[in-house]
Structure formats: structure tokens, C-alpha cells
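Engineer: Input sequences plus hints: build the corresponding full structure.
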Amino acid sequence: MNIAGNILILILICLPCFGLAGAGYTDTGKGVIIEIPEGKLCLTPMSGNTVRVRLTQTNTHTIEELIYLDNIPVPEYTVSETATEIVLNQESLSVIFDKEDGSLVYKDGSGSIILREKARGRQMQASYVQGEPTYIVEQSFVSDKDEYQYGTG
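Start counting the sequence shown at 50; every next residue gets the next number (the working numbering).
Treat the hints as calculated values from the structure; they're not laboratory data.
The reader is advised that the hints may include incorrect statements.
Unchecked claim - Pairs of lysine-lysine, BS3-like flavour, derived with a Cα cap of 30 Å:
#1 167 to 156
#2 167 to 89
#3 156 to 89
Structural biologist: Following this line, the structure appears as C-alpha cells:
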């Protein structure tokens with residue numbers, strides 16, 4: 050499984066979520082918010098081939114955005130739901146939330162998988178940096194032995 054060169058996926062760390070068959074979602078008109086026990090999993094379309102993924106909790110404070118700007122136009126997308134999935138579809142990218150194990154799968158415009166989280170592959174532990182509350186985060190993906198993924202925190 051190779052990541053298509055022109056597909057950009059912004060993945061910000063999410064908390065683990067297990068047994069979410071009853072997970073509900075809200076379409077805000079700017080993206081999808083999926084309610085999970087650990088908070089709100091937000092899928093925000095940024096362009097026809099880009100989705101911002103983040104998890105917010107009610108007990109955290111909002112900090113100033115240094116990269117993401119909220120005044121960009123919202124690309125076209127649709128949302129569908131089955132008993133086992135919530136799917137955000139765009140022109141060249143789909144993000145599928147698995148209600149059974151809470152993982153996300155990313156598919157290109159032809160339906161080929163370009164990235165898959167490992168089931169229960171997200172770990173998040175509360176911590177502090179210079180007295181400020183933060184998290185130690187680990188996220189795992191399914192990949193071929195010859196595939197490498199790089200990212201920053």
C-alpha cells in the first residue's frame with residue numbers, strides 16, 4: 050500500500066476508542082463530528098483530497114491556531130452511515146470511521162486504501178511539558194514492510 054503522491058492527509062492524534070457501534074455524528078456543514086467516549090473526533094475537509102483529523106475533549110482549553118486558518122472555503126463532501134461505519138466522501142478522498150474498533154481508513158477517489166490505522170492503535174497518556182498539561186501520543190498504521198511514514202507532532 051503506497052500513499053498517493055498528491056494526496057495530503059493531515060492527521061492529528063486521536064484517542065483510542067473501543068466498541069463504538071452506537072457512535073453518532075453531526076454534520077456541521079464544515080465537517081463531521083463523531084461522538085466517542087473520549088471526546089469529539091472531528092473530520093474537517095480542507096480540499097478535495099485533504100482532511101484534517103483531530104480529537105477534542107471537553108476538559109481541554111483551545112490554543113491559538115498557528116497553521117490552520119478557519120476562513121478557507123469548505124470543499125464539497127457527503128456523509129453516509131451504516132450500522133458499522135460513518136463515511137466522509139470527497140472528490141479524491143474518503144475517510145471511513147469503523148464503529149467497531151474506532152479506527153480510520155483513508156481511500157483515494159478510486160476506492161483504493163491509501164492508509165489504515167491499526168485497530169486500537171492509538172495510545173494517549175496525560176503528561177506535562179514545562180508545567181503545561183499535554184499528552185504523550187502513539188499512533189499505529191498498517192503498512193507494507195517497504196513503506197515508511199514520517200510526521201511531526
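Engineer: Take the hints in turn and mark each one as holding or not.
Structural biologist: Taking the hints in turn, this is what the structure says about them:
1. A hinted pair counts as satisfied when its Cα atoms are at most 30 Å apart, and residue 167 with residue 156 qualifies at roughly 15 Å.
2. For a cut-off of 30 Å, the pair hint linking residue 167 to residue 89 stands: about 20 Å separates their Cα positions.
3. For the given pair, residue 156 sits about 22 Å from residue 89 by alpha-carbon distance, which is consistent with the 30 Å threshold.
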